[in-house]
Amino acid sequence: MSKLFIAGAMALMAGNALAACPAVTGPDAGGAYPHLFEKAEFESKQGCTLSFSENPAISQLNSRIAGNPKLLPLAQRLPQEPLVIAPYQSIGVYGGVLKGISKATESGTSDLLSVRHVNLVRFSDDLATVVPNVAKSWEWNADFTVLKVNLRKGHKWSDGVPFTAADIAFWYNNMLMDSHVIEKPKDRFLSAGKPVKVEALNDTTVQFTMNEPAPGYLDNFAQDYAQPFLPKHLLEKFHPAFNKDADTLAKSLGFDDGYALVNFYYGQSDWKDIPTPLLKDKAATERLVKAGYTAVMPTLESHLVVEDTLEKRHLVANPYFFQVDTAGNQLPYINEINEVYIGDEDIQTAKLISGEVDYKAQAVNLPQAPVLLENKGQGKYDVALRPTIAQTTFAFNLTDKDVEKRAVFNDVNFRRAMSVAMDRNQINEIAYFGLGTPTQYTGFDADTTPFITEKQKNSWIQFDQKLAAELLDKAGVVDKDGDGLRDLPSGKKFELNIQYATQGTPSEVVEIVAKSWSDVGVKTTIKEVTSDEYRNSQTANDLSVLSWVMGRPLANIASNTETLVPPYGSFFDLRTGMLWSQYLDTNGAEGVAPPATVAEMKKLTDRFVTLKAGTEESNKVGSQIADKVVDDLFILGTVKAVSPVYRSNALANFEVPKTSSYEFYRMYPYLPSQWFLSTDGVAKQ
Amino acid sequence: MMQFLSDTWLLWILLSVGGLLWWSGRDSQYFNYVFNRYLLALATLLLVSGIVFSLMEVLPGDCAEKYMAYKNTQGETITQADIQAERVRMGLDKSLPERWGRWVTNLTLRGDLGFSCAKRQSVNLALGNRFWMSFMFCIAGLVFAYLIAVPFGILSAFTINKSWTDKNPQHSKAEQLLGTVILSLQKVVDLLLRIISYLGLALPNFLLALTIILLYVFAGEPMPTGLFSDQWANVPWFGVDGFSTGKLYDFLGHIWLPIFVIGWSATALQLQTVRALVVDESNKLYVDAARARGVDGIALWAGYPVRHSISPLFNSIGFDFQRVFNDLPIVAIVIGLTDSAALLIEALSMTNDQELAAGILFLVALVVISMNFITDVVLAAIDPRVRKSVLGN
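Going down the list, the protein sequences come from chains X and U. Numbers given in the working numbering equal positions in the first sequence, counted from 1, plus 695. Numbers given in the working numbering equal positions in the second sequence, counted from 1, plus 311.
If you're looking for bench data, these hints aren't it; they were derived computationally from the structure. Among these hints, one or two may not hold up.
[As the list claims (entries may be wrong)] Sample of chain U residues at the chain X side, in silico, Cβ under 7 Å:
no.	residue
1	Ala396
2	Gln432
3	Asn435
4	Val528
5	Pro533
6	Gly537
7	Ile644
8	Leu648
Where a beta carbon is used, it is the ideal one built from N, C-alpha and C, also for glycine.
Go ahead and model the full structure; you've got the sequences and the hints to work with.
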């Protein structure tokens, strides 16, 4: 395909400066960044003028967006500086419905969110280079305290209103920092624990001023589900800080007050899996549309929600999307996305086998891989097994409600004993078909982080029941009543119950772990619960043993160290030491004081986020962090696995992802906006 | 005034129905009976709502805790004081009778079922059309069950003491042969139906549903998901070309599976009941007496044992509804529809959503009690035995 590229270059040499642009495509195409050109860059390189064309169905699609005004002509819908995408294989054809599944709204199983996702920047498919997306370019000052982000001139929201730097400042200053909307902003958006100064310098320039060097701040947006912009033109009408009649206006539309309506649109979260207004109260959206507002918030994403029920979510292409292909066609190619909710795993597998899905990776588990591979001819799909970044891990509740158990769990000998008691090879054979690698949890993704050593990866992962017994004796967990089972130091019965959800932990793994632990005399039982129930009990500090997938890439930890300090993860991760976290959050007023090692780790992570990832200094601190993680062993690693990525043969321009992971935000690095659908997976030119 | 009326509409309806019945009952014993049943039904509902409400109280954790756990997902630190404040805001610090009293008042005044903390919207909105959809599924399952169980149950009873061959000496050879064929046919149908009905009782619903889904997969057909396929979902029932039959076929293609699955075990049970009832009646003296009077064939069966068996059957519709409702979550799995039974499970087992669960349980009780009320009233009107026993004349 790079032949086309050469052909373009030859056209340039012939001096035909105003010719139509050649369709540059192929796996290696691209300008300053892979697969990307700025319009001016593309035109000067090719010596041509890009002319634009649109999806013939776009006005019909627009008519399905409740409350969206009549379409402007294409020239006014695209930015003056659109992002030009060089497709992976070929220029696509418009049309079709991308079919997908997930378990439910807010279940955290919708990787289709990454298909429509946009952010300021993006990780390129090498998972290392941060490249432009909504942002056209950016500049840091020398010590990484001031970040200037340049936007695209003429970029518009999906309702045709200009998108400007003020929308970013609004998101930060008036939504994140307004306690009526979000009571406490997430740490990754703060700098040294205090708000960042976010100002719109002009329509296309926004400036972030940090309180300490934060070189990872921008990179975080490349993988964050949170999009740092909101449609100010809509929300400010109901936001009491901008409109003193906001409450009256909201009341006239049937809401309690202005903030209630703001939250009706925004849902108190930047996560896009939450219910849209269409699901929350359809009648209310009809009142809003009647009053001249859109039913859902305008977006910059490639598709937006037009139907949202407990059964499915349906989206249509954004007529104002800011990307074009190298032939000047406005993206996305795919007209609609239909996401149905299937809660039952067997029915999910049946749907995948019968080819009723175009793309799915999240929540497709390895045990289903053989049956999926067996039927791929009949169902006209393909399955790739890709490494995961996170691995299933176990931890003990370091602030358990039972004080005696808490003391045992805080003894490092106990945690080491339980780690070496696990038969990781058996886990690998039985749960992962021998395709995985036994690995200790180091905090970082052990395979892609350069400074993680073999020693760290292999520490305390040997299967050694004798050593486990010695360590347990040392921890005071011995058999007092002679029933063959170890008891607590006081002589009370000691029993562990692992509550787990299959989304975080395959049943086979838990069964083997429970057996391994019982084998060394610590009686362990298991109980499967739903993801939601697991998460709630974990955060409510009700569990003694925690289990979920953990492990993040360096690029993530460089700007967000929440997995290294209490409570060692967000609501959706494995969490332990909830009371330590409460102690730290309330400055000691409530909760339990953490041991000294926690403060030492905090010092290291505070320093780590001020260093540019990949530099010598950063690697040194990173290595110290990893050492501390395996020494403390608050979290026990098992086996790093592979996971299936499912794609229909009809899905063209699909680049098989390098990893099957939530990190890097699923398909976002692989440009799903240039996917298209055709019967045989190739374009009919 | 309008505001007042719209805030209390349900109360007025309940009062005027009661008033009308009382008025009619002054000089009619029958309506007096209906009025009494009406009061009894309302009292039962009140009792049910109390039981349902206190049952939910037994579950650990409350709405405020769950709501705060959700807010914690938004990056907030939650202290015990926050949870307490939320409890006060939700009125959970009030005593149980007080909360129940408010819930019942809002319910009787304007049919307001309260606020679902997990869905963060009113229960009426969260349940919405889902309750009616579930209701229709149950009714469809019941109709399916009765349509098969009643005629075939009677047939089964009819063949019970018959032999396989026609040995009537008054019949000619040819008539005996024909009679034997008909008898054998009836016996075979009876046998098959009984085997199928035992299977229906024995097979778990989910296994049946999964097997059918697998058949779709092997046939390479798209599985039915939701009530319509995408192609028909947005087509109006009455388009420019008149009624859309394509949409109807599509709809039927989607709903037959869940109706079949929930209807099968109900059919099996009902078949056995009908058979037992009819057999029981057919051995009674009044049937022999009728036979002696020369009543024979269909007239004998329809007029005597069957007629007497139908009343208890009719009377059990309410309980059958409740039983079918219990099977309903399978619908959610088979065609991916979130019905109210699936919501109930979610509210009870996952989110501790007291008011949502109470709302659903209350509605189910409402349907059962209404059905019992209706069958009582109808039976009193048409069945002389019942009329005599309840009205005393």
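Verification of the supplied hints:
Restraint check, Ala396 of chain U versus chain X: the minimum CB separation of about 12 Å is more than 7 Å; hint violated. Below 7 Å, beta-carbon pairs count as interface contacts, and Gln432 of chain U has one with chain X at about 6 Å; its hint therefore holds. Among the interface hints, the one on Asn435 of chain U is violated; its C-beta lies about 11 Å from the nearest C-beta in chain X, farther than the 7 Å criterion. For Val528 of chain U, the interface hint holds, the least distance from its beta-carbon to any beta-carbon of chain X being 5 Å, beneath 7 Å.
A hinted interface residue such as Pro533 of chain U counts as satisfied when its beta carbon comes closer than 7 Å to some beta carbon of chain X; here the least separation is about 6 Å, so the hint holds. For the restraint placing Gly537 of chain U at the interface with chain X, the shortest Cβ-Cβ distance is roughly 5 Å, inside the 7 Å limit, so the hint holds. Restraint check, Ile644 of chain U versus chain X: the minimum CB separation of about 5 Å is within 7 Å; hint holds. Because the closest C-beta pair between Leu648 of chain U and chain X is about 6 Å apart, less than 7 Å, the hint holds.
Violation of the numbered hints given earlier is confined to hints 1 and 3; the remaining hints are satisfied by the structure.
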